[in-house]
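In the order they appear, the protein sequences are chains A and B.
With the numbering used here, the residue at position 222 of the first sequence is 222, and numbering never jumps.
With the numbering used here, the residue at position 198 of the second sequence is 809, and numbering never jumps.
Just so you know, these hints were derived from the structure itself, not from any lab.
Hints may be right or wrong, so weigh each one.
[What the hints assert, rightly or not] Quick list of in silico lysine to any residue cross-link-like pairs, SDA-like style, CA-CA up to 25 Å:
{"no.": "1", "chain 1": "A", "residue 1": "K25", "chain 2": "A", "residue 2": "S360"}
{"no.": "2", "chain 1": "B", "residue 1": "K961", "chain 2": "A", "residue 2": "D522"}
{"no.": "3", "chain 1": "A", "residue 1": "K25", "chain 2": "B", "residue 2": "H965"}
[Claimed, not checked] If you want the footprint, here are the derived chain B segments under chain A, 3+ residues with CB under 8 Å:
{"no.": "4", "region": "689-696"}
{"no.": "5", "region": "1113-1121"}
Quick reminder that beta carbons are idealized off the backbone N, C-alpha and C, glycines included.
Each chain, written out:
Protein chains: 2
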Amino acid sequence: MTENPAPAPEGADVDVRERLVELAKRRGFFFRTAGAYGGAAGFYTFGPEGAALKRAVENAWRDRFAVAEGNVEIDAPTVLPEPVFEASGHLDTFDDMLVECADCGTSHRADHLVEDHADIEEAEGLPPEEIESLIRDDEVACPACGAALSGEPVEDFNLMFETAIGPGSGSPGYLRPETAQGIFVDFPRLAEYARGQLPFGVTQIGRAYRNEISPRRSILRVRELTQAELELFVDPEGGGPDLAGVADAELRLLSAEAQLDGESEPYETTVREAVDAGTVGNEWVAYYLGVASEWYESMGVDPDRLRFRQHVAGERAHYAVDCWDAESEVDGDWVELAGVADRGDYDLSKHREHADERFSVFRQYDEARTVERTDVDPDMSELGPRYGGDAEAVADELRALAGRDPETLDGESVTVTVDGTDYQVDTGHVEVTTETTTETGEHVVPHVIEPSFGVDRLVYTLLDHAYREDEVEGERRTSLALDPSVAPTLAAVFPLTDGERDRAEAIVAELRAEGFAVEYDDSGNIGRRYRRQDEVGTPFCVTVDPDTHADGTVTLRDRNTTEQVRVPVDALVALLAALRNGDRDFASLAAEYPVVGDGDGSAPAPDPGGE
Amino acid sequence: MTENPAPAPEGADVDVRERLVELAKRRGFFFRTAGAYGGAAGFYTFGPEGAALKRAVENAWRDRFAVAEGNVEIDAPTVLPEPVFEASGHLDTFDDMLVECADCGTSHRADHLVEDHADIEEAEGLPPEEIESLIRDDEVACPACGAALSGEPVEDFNLMFETAIGPGSGSPGYLRPETAQGIFVDFPRLAEYARGQLPFGVTQIGRAYRNEISPRRSILRVRELTQAELELFVDPEGGGPDLAGVADAELRLLSAEAQLDGESEPYETTVREAVDAGTVGNEWVAYYLGVASEWYESMGVDPDRLRFRQHVAGERAHYAVDCWDAESEVDGDWVELAGVADRGDYDLSKHREHADERFSVFRQYDEARTVERTDVDPDMSELGPRYGGDAEAVADELRALAGRDPETLDGESVTVTVDGTDYQVDTGHVEVTTETTTETGEHVVPHVIEPSFGVDRLVYTLLDHAYREDEVEGERRTSLALDPSVAPTLAAVFPLTDGERDRAEAIVAELRAEGFAVEYDDSGNIGRRYRRQDEVGTPFCVTVDPDTHADGTVTLRDRNTTEQVRVPVDALVALLAALRNGDRDFASLAAEYPVVGDGDGSAPAPDPGGE
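Okay, chain A solo, but in the shape it has when bound (with noise of 0.2 Å):
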């Protein structure tokens, strides 16, 4: 996961930045972990409410990356042993450059203090040495104590955090820095789940590590993070997706070859566009480029935040052939929240060569199909004396051609080449058989497409995107607009007086039967629990008054508006699950049932109680 550190079309605003943290570990949405013992750079934990909002997220991603286009979901280790990240490269190239200040002796991630230092946008791509001159060059300070870098080594630091299994000095083994390869490891057994049949997909969810040299920004750079993976494969010589569903699903790119004119803007253009005019190379890409457009969308992130950037060269993980990564602006930065890789055969290879089991699928041919096969046997009796020393290589050249070219050996005699010498060899000393046989297909490397999710930093964006403040006499109050559909608290229900409490509760009851995620609260005035409901983002609030006893109405309010509208106790459920769906808005209830008040900020509602 990389940050492009280049500057958003708005400013950063700090102040708004630290409320937002601020909130979030005074609400229960986040906040670092063992706080009692000073923390722990990187580790976050999730409250009450923000382990409800990532929950929602991770069903979201769940019912649109899996359910609904028939992928599978398996549930694999976070440790895995060392000989799966040597055939996955991790081992080798997962690493970030280190450089250490000789004074203090904190350690920095050199890339990003030379982006931040000289006029470079990316420099992850760049050799550690060039690095090395860049911080002398442009007299690169220690962030911490403001020593002078240069002439530091630059060194590579693997992210993966190592561990020892077993008893003793044990095995070694590595918290997974992506839940990918507990996927690929495991191909033969998936593929003989999915009977061998291409495309099928395979979905996880779940902790991925990286040691990060410099954690920061809270939940947006973490060691500890949690992923939402789909690895498709697909057969590379198969035909695509149906790209009907997405095809007209808007997408604003920035691909490689704008950023290396210059451009930063994105453009905006469709899935089917992009395809059509070879943007986006790969359709299987291109498809689910469309459903994490549509799907960020009805999580929340405001579209006008949101992009799709092309990798450039250097800036892609060893193992992409392309990948287009879905970022949204935060505080002014662009924040990486997905990759869409193009994976090729790469993985599967890896472990093909390393690993002793099948890590290809068997492609039936439409029809079986009959091959010639031609196979010699060179008469070393006679190949011998002729040519010494080189007639073993004189007869595997004759075994190689007569798979290469076998028309060679119906002459007479056949030249062939051995360290530079040409020997020309009767074709009566090999003896050449064809034998035909009958192939019903083949074997294949299934090619990967990878839609990566991160899921902390989607909770982030939806948390920013969503935060609103404003003065209301003096006051200032802050509220989160959280879509319905991911708001930890769909609805909390209030009883006015003490008289309502029972028929309050009642309602919470059969909400909470219902399956709605609901909060009941009588402490306070009305005005107060409302700005508490408004500060977690619980999009609606119901309000049960003495009316509700005579007619069987509650008061209904919206978060966004502070609206409300007066509906019977019985259309409850069916009114908030189509709110939550999306099946319907606030004002289309406006338009059905009778307004009350003119909004509860200007006109506050009554304090029965007092505080």
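Following the hints, complete the assembly by docking chain B onto the known chain A.
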């Protein structure tokens, strides 16, 4: 997690166990991870069916132990820094006993070896020296190579996986051995979220790690597991739970006392009786034993193969005041599924000692209390000359006395003892002050009640208790009688012939839109499709046939009885929902709808297409 190797009522059937594990691998429930690299002992991957079953278990646990009980859920990192485990005691005491064979180098869990060889049921609590003696006296041999282990040292081996956080040598961190510590360590923030009101409960579902010396029996003893834990923070002087909801829940209990009396059969009682008789000392523990008992049964655990066994002295973890394990009988052994522990104030007191923040809550008195505090100010210019080197100690004793027993300072003189010497002090040399303060409450360290559930072991138990074999016409048929509430697939839909494919696919789409897990299968004859679904525990199969076009009905088949009824397509959603929730059983459908055939076992469905 410990296993009690005491034999179960029924003998173990190793063949059945092997066939279950083979089924689990072949049909995608679980398999050893990275088999292509020889695997890593103690690490398993849940395939598509197993991951779905595991997720159903986790969701059901969340519904029952978090949502229904009003407990919140958090999501903390799996890697925690060392100070957390210094405080928790895991660094010192989370050990198993290791003995290594000098001949072949294999490591073994010493207490298990002794339990297998000597006439000892529970060796975990014995000191290493005693285990060494037992190995010598019983001539225990290495199970791997047969060499004598007598004389080999038995050593404590810490079960936590260690890693290094950050670059360079980093700072030590550990993979959490229980999810609980992620909750305890951030108690200050969680208490703030709960507004300091006891009792409050915090749950977490996630990975825990134990570097087992000898992982064994597939997913029953693994190195990476999933726990579902509830940490309930209660006021040690506060009231217990309302038992009403579970008072009549049945419990099969085996108390520590009964075990010491040589009893191995549990006796049947209820939660209310167990509390009244004092068998279960803590009412919160009893409450959650009742909840657990009912919940396990609802998941599909055979109630006759479930018991609750109290830990005997020496068996309890270092933090537990009391603990009852839920154990299920699997393959003839009793396996720990969960523990409901009274952890007392151990955890919060430990973190309170080691950390900087407040690990207590403020308990308001019903009414403010007036408290008199006596303090003394000894006149050192008088005491110094009189008591020389002991003067400071005498002053300290006087101050202590003022707090302990202020009345003694009312007289003209008072006697204090320093290092065995009595000094009679003139109270005229001591200024005594009395201050009256009003206190509104006090700081209380909550006690912790912890229901802790192992998810992997429950998944195994559900498969084991659901496993059925029978022979039909000389062929072994396997089915999994999984409960509809947890089965990976609720219903499979089959077109009888190609003519019904569209209709069948439309039904699948409709059922999926309602949130049901539904599979479509059109390959092979109907009997074979039934077999496939029976093997993965799909409770219901829907067959669309030519009559469906005419009368709008389909055949609905029950896996357990192979009975079939003819139901309207329009009724499917409601019927499947009722069957899944347990509101109806299949027998009630057979009473309402026409029964078809007499089950497919003896009268196989016609085979329209062959294979």
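Are there hints from earlier that the structure breaks, and if so, what are their numbers? The structure breaks hints 1, 2, 5; every other hint is satisfied.
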